[in-house]
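Asks: All chains, please: the whole structure from these sequences, using the hints.
First to last, the sequence lines map onto chains A and B. The opening position of the first sequence corresponds to residue 1 in our numbering, with each subsequent residue numbered one higher. The opening position of the second sequence corresponds to residue 1 in our numbering, with each subsequent residue numbered one higher.
No lab work stands behind these hints, which were simulated from the structure alone. Do not take every clue at face value.
Cut-off 25 Å, straight-line C-alpha distance, at most; resulting in silico cross-link-like pairs (SDA-like, lysine to any residue) [said to hold, decoys possible]: (1) Lys-83/A x Arg-233/A; (2) Lys-83/A x Arg-152/B; (3) Lys-36/A x Val-110/B; (4) Lys-36/A x Asp-87/B; (5) Lys-26/A x Gly-150/B; (6) Lys-65/A x Pro-93/B; (7) Lys-65/A x Val-110/B; (8) Lys-36/A x Pro-93/B; (9) Lys-36/A x Arg-91/B; (10) Lys-65/A x Arg-32/A; (11) Lys-26/A x Ala-25/B; (12) Lys-26/A x Ile-62/A; (13) Lys-36/A x Ala-104/B.
Derived coverage of chain A by chain B (criterion: at least 3 residues anywhere in the stretch with Cβ under 8 Å from a Cβ of chain B; other residues may be distant) [what the hints assert, rightly or not]: (14) 12-26; (15) 36-50; (16) 234-247.
Using N, Cα and C, we set each Cβ at its ideal position, and we do this for glycine too.
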Amino acid sequence: MRHLLSAADLPREAATALLDTAEALKRSLLGREVRKLPTLRGRTVVTLFYEQSTRTRASFEIAGKWMSADVVNISAGDSSVGKGESLRDTAFTLAAMGADCVVIRHPASGAAHRLADWVPTHVINAGDGSHQHPTQALLDAATLRDRLGTLNGRTVTIVGDVLHSRVARSNIDLLITLGARVRLVAPPTLLPCGVENWGLREPRGWPVTVGYDLDAALSGTDAVMMLRVQAERMRGQFFPSAREYSINYGLTEARMALLPEHAVVLHPGPMLRGMEIAHSVADSPRAAITEQVRNGVHVRMAVLYHLLAAQEEQA
Amino acid sequence: MSSPSGTGAVGEAGPPRQRELLSAADVTRIVARMAHQIIERTAPEPVVLVGIPTRGVPLAHRLADRIREFGGSSPRLGTLDITLYRDDLRRRPTRALQTTELPADGLDDVLVVLVDDVLYSGRTVAAALDALREYGRPRAVQLAVLVDRGHRELPLRADYVGKNLPTSRDEEVGVLLVETDGTDAVVIRRSQR
Numbered sequence: 001m002r003h004l005l006s007a008a009d010l011p012r013e014a015a016t017a018l019l020d021t022a023e024a025l026k027r028s029l030l031g032r033e034v035r036k037l038p039t040l041r042g043r044t045v046v047t048l049f050y051e052q053s054t055r056t057r058a059s060f061e062i063a064g065k066w067m068s069a070d071v072v073n074i075s076a077g078d079s080s081v082g083k084g085e086s087l088r089d090t091a092f093t094l095a096a097m098g099a100d101c102v103v104i105r106h107p108a109s110g111a112a113h114r115l116a117d118w119v120p121t122h123v124i125n126a127g128d129g130s131h132q133h134p135t136q137a138l139l140d141a142a143t144l145r146d147r148l149g150t151l152n153g154r155t156v157t158i159v160g161d162v163l164h165s166r167v168a169r170s171n172i173d174l175l176i177t178l179g180a181r182v183r184l185v186a187p188p189t190l191l192p193c194g195v196e197n198w199g200l201r202e203p204r205g206w207p208v209t210v211g212y213d214l215d216a217a218l219s220g221t222d223a224v225m226m227l228r229v230q231a232e233r234m235r236g237q238f239f240p241s242a243r244e245y246s247i248n249y250g251l252t253e254a255r256m257a258l259l260p261e262h263a264v265v266l267h268p269g270p271m272l273r274g275m276e277i278a279h280s281v282a283d284s285p286r287a288a289i290t291e292q293v294r295n296g297v298h299v300r301m302a303v304l305y306h307l308l309a310a311q312e313e314q315a
Numbered sequence: 001m002s003s004p005s006g007t008g009a010v011g012e013a014g015p016p017r018q019r020e021l022l023s024a025a026d027v028t029r030i031v032a033r034m035a036h037q038i039i040e041r042t043a044p045e046p047v048v049l050v051g052i053p054t055r056g057v058p059l060a061h062r063l064a065d066r067i068r069e070f071g072g073s074s075p076r077l078g079t080l081d082i083t084l085y086r087d088d089l090r091r092r093p094t095r096a097l098q099t100t101e102l103p104a105d106g107l108d109d110v111l112v113v114l115v116d117d118v119l120y121s122g123r124t125v126a127a128a129l130d131a132l133r134e135y136g137r138p139r140a141v142q143l144a145v146l147v148d149r150g151h152r153e154l155p156l157r158a159d160y161v162g163k164n165l166p167t168s169r170d171e172e173v174g175v176l177l178v179e180t181d182g183t184d185a186v187v188i189r190r191s192q193r
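Replies: Next up, the structure:
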């Protein structure tokens, strides 16, 4: 594996291998005083963020540092990007300085793919517009595997702003790959057209179910994944009011009671408490939100390990 | 100690490129002898047997069973995956990680016996010593191997050797164990390269 650009690029074996590595890393770091592995000594990882981020950037930085890579963080706000430098020039500058891997987040869908064509370094997509965020899908899958044992045959309901969500796209790709069924629930205005066909892929796949009624979708679901309403990507009015959205599509305590006993509640963060998820739900033991964050570090360590620690593939 | 049988080719398909050097009975006897040696060298101090995956792990379990049976103390067991500490990661495709599980009360001030199937270049053991350091400061570390096939590339030697097998570099020594391979044997085969 040279780059990680899209969750759709991961065949089942590769995805499972990454998740297994993440789990092994988690177990081997458990209870250790020194959380430092020498594996990526001498490799340089640059995080290049053109959008705000708390957890993804910090998570990649911690993952790199725990594996002894040198991690350099660049955010567009306080770099030469502010002076008008293009993505291409910035990337070449970083590659010329000896970066082995660039972790990029960019508001434009496809930015990571373009970057991978240009620079000789490994590229990890940490979110490009409303397109993909593969490590988020991997950490969600890791969390669901922990809680549910397997994803094969499980049903995951994704609720909210699917239209603007790279988390939803990546998750649909990976969940289908891992054998899960996906239900989408959202206001019609926040569902892209053709969304029901997203699950249809070679060599195997099945349609995604689409619904507008959250209460009806909750029973018989093994996990519910709440999406943040991405106001920053919205041009126009997608629902009448935040209050109405919250009433129809927010995960309240009453709605959580409709879920089967074993069902898990996920949220990629940052959460808008009181909007898409109620305080009490976010803090309940059903919610795996802090586990998601914890798994994020191990999953990103696994990705760095698979990309940077093996023999280079002959391109 | 019986001489290697050197007769039957193991594996059904293909020409007999593989020779059996130690039979199942030999392996059982050798493990028992190693257990006695460990008791002699270490008793009454308790030991922690740390197996290096894959085949060091079942070997450590067998040694522990024998030591208990022969009246030694009851050794604690651990598993130490050294993949992340290897110095040759970038020369091979991605390696899958294995389990690491060490006694919960740590390795400080205890006597650790590392257990592996084959001692060859010594690089695995060197990586294991690096890895062990992250988990504590043992009083001492010893090494037990079922087979020492020579060709060391680092200044290391084993404290307990089941069998010295002089080999050529273009041969491969395979240790087969019931737990991982369905049968007990030590075989030698021509390198596939």
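Asks: It remains to establish, for every hint, whether it holds in the given structure.
Replies: Each hint tested on the structure:
1. The suggested pairing of Lys-83/A with Arg-233/A holds, with an alpha-carbon distance near 24 Å, which does not exceed 25 Å.
2. Simply put, Lys-83/A and Arg-152/B have alpha-carbon atoms about 57 Å apart, too far for the 25 Å limit, and the pair is violated.
3. For the hint pairing Lys-36/A with Val-110/B, the CA-to-CA distance comes to about 23 Å; that is within 25 Å, so the pair holds.
4. Under the criterion of a C-alpha separation no larger than 25 Å, the hint pairing Lys-36/A with Asp-87/B is consistent with the structure, at around 16 Å.
5. Straight-line distance between C-alpha atoms of Lys-26/A and Gly-150/B comes to about 35 Å, which puts the hinted pair past the 25 Å bound.
6. With a C-alpha separation of about 22 Å, the suggested pair Lys-65/A and Pro-93/B falls inside the 25 Å cut-off, and the hint holds.
7. Among the hinted pairs, Lys-65/A with Val-110/B is inconsistent with the structure: their alpha-carbon atoms are about 30 Å apart, more than 25 Å.
8. Simply put, Lys-36/A and Pro-93/B have alpha-carbon atoms about 22 Å apart, close enough for the 25 Å limit, and the pair holds.
9. A distance of roughly 22 Å separates the Cα atoms of Lys-36/A and Arg-91/B; the hinted pair therefore holds under the 25 Å criterion.
10. Pair hint Lys-65/A plus Arg-32/A holds up; C-alpha atoms about 15 Å apart against a cutoff of 25 Å.
11. With a C-alpha separation of about 39 Å, the suggested pairing of Lys-26/A with Ala-25/B is violated against the 25 Å cut-off.
12. Note on Lys-26/A and Ile-62/A: the hinted pairing holds, with a Cα-Cα distance of about 13 Å set against a maximum of 25 Å.
13. A C-alpha spacing of about 19 Å is found between Lys-36/A and Ala-104/B, which places the hinted pair at or below 25 Å, so the restraint holds.
14. Coverage of the segment 12-26 of chain A by chain B holds in this model, with 5 residues showing a Cβ closer than 8 Å to a Cβ of that chain against a need of three.
15. For a cut-off of 8 Å, the count of residues in the segment 36-50 of chain A with a CB near a CB of chain B stands at 4, and the three-residue condition holds.
16. With a threshold of 8 Å between beta carbons, the proposed coverage of the segment 234-247 of chain A by chain B is violated, since 0 of its residues qualify and at least three are required.
In this structure, the hints that do not hold are numbers 2, 5, 7, 11, 16, in rising order.
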